[in-house]
Amino acid sequence: MSSTVISHDAAHHGSHDHHHETFLTKYIFSQDHKMIAKQFLITGIIMAVFAMLLSILFRIQLAWPDKDFPILEVFLGKWAEGGRIKPEFFLSLVTIHGTMMVFFVLTAGLSGTFSNLLIPYQIGARDMASPFMNMLSYWFFFIACVIMIASFFVESGPASAGWTIYPPLSAVPTSISGSGLGMTLWLISMTLFIASQVMGGVNYISTILNMRTKGMDLWRMPLTIWSFFLTAIVGLLSFPVLVSAVVLLIFDRSFGTSFYLSDLVVQGQILPNEGGSPILFQHLFWFLGHPEVYIVVMPALGLTSEVISTNSRKPIFGYHAMVYSLVGITVLSFIVWGHHMFVTGMNPFLGGVFMITTLIIAVPSAVKAFNYIATLWRGNIRFTPAMLFAIGMVSFFVSGGVTGIFLGNAALDINLHDTYFVVAHFHLVMGSASIFGMLCGVYHWYPKMFGRMMSTKLGYLHFWLTFLGAYLVFFPMHFMGIDGVPRRYYAFTEFPFMEKWISVNILVTWAAIVAGLGQVAFLVNFFGSIWRGKKATQNPWKSNTLEWTTPVEHFHGNWPGEIPTVHRWPYDYSKPGHDEDFIPQDVPYSHTMSSNSYHDFEGDEEAIAIQRAWNKENNRSGEE
Amino acid sequence: MKLKINNRFRSILGCLLLTSIFFAGPVLAFQQDTVVVDTTAGEETSMAVGVESVVADTATSVDGIANGADSTAVVGTSSGDTANASSTAAEVKQIDPQVYKDFFYYVLLFLVICTVIAVIGKVISIYELTHKMNGRYNPLAGNTLQAVLLLLFLIFFLWGVYYSYTVWGNWSWRDAVTEHGEKIDTMFIITTVITTFVMIVVHILLLGFAYIYRMRANSKAYFYPHNDTIEKIWTIVPAVVLTVLVLFGFFTWRTITSIPEDLQKSALQVEVLGEQFMWRVRYPGSDGEIGKRNYKLTTAENPYGIDFNDKNSWDDISGEHIVLPVGRSVRFHIISKDIIHSFYIPDFRVQINAVPGMTNYFQFTPTVTTEEMRDRMNDPKYDYVMLCNKICGSAHYNMQKKVVVVTEAEYKQWLSTQSKYFTEDLQKEFAQQSKEVEGITTASLN
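First to last, the sequence lines map onto chains U and L. So the first sequence is numbered by the numbering used here: it starts at 1 and just counts up by one. So the second sequence is numbered by the numbering used here: it starts at 1001 and just counts up by one.
These are computed hints drawn from the structure, not numbers from a lab. In this text, a Cβ means the ideal position worked out from N, Cα and C, and glycines have one as well. Treat the hints with care, as some may be off.
To be verified - In silico SDA-like cross-links for lysine to any residue, where the CA-CA straight-line distance does not exceed 20 Å: (1) U:Lys-86 / L:Thr-1365; (2) L:Lys-1183 / L:Ala-1395; (3) L:Lys-1412 / L:Arg-1376; (4) L:Lys-1132 / U:Lys-86.
As the list claims (entries may be wrong) - Some but not every residue of chain L turned toward chain U, in silico, with C-beta under 8 Å: (5) Val-1244; (6) Leu-1263; (7) Ile-1290.
To be verified - Just so you have them, the derived chain U footprint on chain L, three or more residues with Cβ under 8 Å: (8) 1204-1211; (9) 1217-1226; (10) 1279-1286; (11) 1347-1356; (12) 1382-1394; (13) 1413-1423.
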């Protein structure tokens, strides 16, 4: 469908869509990018709550390893007989928590929601390049979620080999009960999920490349669009490698091949597999796995850039540097995967090479953090809940990022690998930072999604509980890791040197519970405001990007008349000489003569001459 | 206005009252016989309906109040939990009623907290409304409050970093007791100093700027889109610092992992085999060579799968613990019987995965005996420990082996007390087998 056809229809019918919409086509099998974005978001929120509850369960076990909680038996049955979570179920909890959070919440819930919502809106398109594929993308994701949850109702329990599902543990059902049917479901779910991501990614890339409105050249795209674009490229190039890893694992599990298996004697039984290598799986997995963390964090960085700029009432500092650092991260993310495998017995020289590429990636990340701070400098900062979450995101990105310098260093990684230090590191830099980026996006674009405002007070309450909670949960874990406490330990009771950490674990668990309950404030605010929130105005944050030029009421096609033409970059906030502190992207320079600088015309001699004449006439000193 | 607020409080109180009855409900039910249980369940459902109607009431009564969302927080949760209560009460009968009592106590507590928060939220909006009526309302008050809170958070953050470094840092830090570990420690300290400095400075700037440049009436932000010089500086400075760290790390890593061949050969060889959920240790015996192993030879008597056709294996010694002579280079051969494990000794700064189908090596020299370490730690029970650091199943959390570092003499003495893998039973079996094999070969030769 070409955009001219839709624009013709939209122009004639005003806010009425020319299709007959039933409940089914509007809310369920919708092909409208806005509705699909909401579907992704709400599914993502549900998965996030589910995964968070799992984490509370294992935190309870870690804090009180010797105590019974009979109420758990009520909910979990045989997995918590006598009110104590079983070790195997503990590992399942950890596994599914990780899988859901990384893939379903922070990949689909974040990219899926905001790429779908903002790409057409911010580049000025009526919808995605391929709305039907977009719908399929959501439904594949949804089925993947259902299958993953269904694995909790399987006799042998859900997958429990860790979210990285390293074989042989994940390949041999006799080694752990979760590697039975539960693991099969995990693999099926993940295959569907990757199909969903690939369809989404193709769509995002083709939409951004082909459907930008007039005047929206690449260097006028908001940083959100840049980040979604590069994220989609990373996803498209790396997710298929995970499919190959998963398919080979399915072959090993079900058809007797030996891609990953060799020389195994499991539970006294000699297995016939020969010639495979478990390290092969790790290479394939981390070839996706490391880009994956950038898939998770780059959209968060994009959303944060937009929110920080809008609410500081100041252009984002170093727009070009921000884009180049995203590009740098994109490229480098493909050549650093080996840093997850320093101690697997990989060739040590190769380890050294991966260490160099890994530490290089810290440079563009540092540039981004500094540019955020420079954006705040001499701003006029408005603390909406979205802005607070954006500041929180930068804080986590830095606190979690600096510990990456330890882990990226092969020599230091010897002692820190797979300890709580790693848990602390990635929960801060990719977990908390991305969740905060996502929440900042939800608070900021909620008026655009639902046409209503969220309660600011509940937003503040939510922010402070979550921000403090996340720091209290993850910061102490660094020290456990330095002491040598491994991750995925069911209890700290078997080692004398770990016993001192049980007191810290109690603090961590209480912080997790309070932060978890704090999410009720968000849920009430989010779902309550859909129906009862204050009606939103068209541009509540006084923002420059194109989505705020659309009417509050949604309809298929986004703009009632012509799609606006873009005349300027998206960050003209507080431009000197203009009466307001923002100039939307669709305002032509001819309307803002009093604030134009010669630099704005990018060497267009004619425009500069006109501006010079105007300046002379109005006694305005335009700097050359 | 007044009337509406009264309605809200009444409905909240009503909800709380009803919930408290529920939490008593199941308890009463269990004290009577099963028939009564059914009726209570029925009652509960009806009560649940009651609550829902209250929800509806509240919904209508608070409609139009600005932050009505607060009240749904309370009411929404209470109705959800009631539904839970009735279903669980019917299904599970053997669990002590006290459990439910406790559970609902906590649910109730949470509801009370929600109510308090809702009340506070209400009070604040009334306060704002009165200020608006009196014309003294400052629309930026809330904004300034958040800025102040961020500043307070900065202070809390800095205190937290100080506290955690001094207290928890102290708990977690023990100097390495191997030669290469000392190099790792130096690098760790340097990296910690640099990263802590960066983290603190960035937070002071981030939260400090947030406070200083909070929105004020009639002020305008400074239009400052870019400054190439500054950007170059903060690209180059991290790049230089990281280059230094990379080079330092790279050479340390190389010295740890690439050991010259003659030093590899002259070291004491020890093999460690990981399996669910234990470690087996094999010392080479007097010939200094570890015998071959073939996983296909694994039997109940020979769980290690040692190939006794290789005569080097005949004197191999099974170590109860890992005992090492101080000051002597040891080369560990790490293998796995079933799935991936990880050989990890935190005090030694030693870790390498045990991967089935391949042998990994780690060579190091312990420098401090267990006795010295106990003196140093002032803990007479302190032991080095080797633990599994790769998820491997249900008892992953307890897959350990004691590591003892002793003097050379003590080591020799200990080694002589350990038993051999080639036990008498195995010897007999092996002799019989080889006879049979010989018989077959002679037969075929003829």
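Here is what the structure says about each hint:
1. U:Lys-86 / L:Thr-1365: violated (39 Å)
2. L:Lys-1183 / L:Ala-1395: Distance ~33 Å between Lys-1183 (chain L) and Ala-1395 (chain L) Cα, so the pair is violated.
3. L:Lys-1412 / L:Arg-1376: Answer violated: Lys-1412 (chain L) to Arg-1376 (chain L) is near 25 Å, above 20 Å.
4. L:Lys-1132 / U:Lys-86: violated (58 Å)
5. Val-1244: Violated: closest Cβ of chain U sits about 10 Å from Val-1244 (chain L), beyond 8 Å.
6. Leu-1263: violated (15 Å)
7. Ile-1290: Hint violated; Ile-1290 (chain L) Cβ to chain U Cβ min 17 Å, cut 8 Å.
8. 1204-1211: Holds, because 5 residues of the stretch 1204-1211 of chain L bring their Cβ atoms closer than 8 Å to Cβ atoms of chain U.
9. 1217-1226: holds (count 8)
10. 1279-1286: Our answer is that it is violated, as 0 residues pass the Cβ test (under 8 Å) against chain U, missing three.
11. 1347-1356: Holds: 8 residues of the stretch 1347-1356 of chain L have a Cβ under 8 Å from chain U.
12. 1382-1394: holds (count 11)
13. 1413-1423: violated (count 0)
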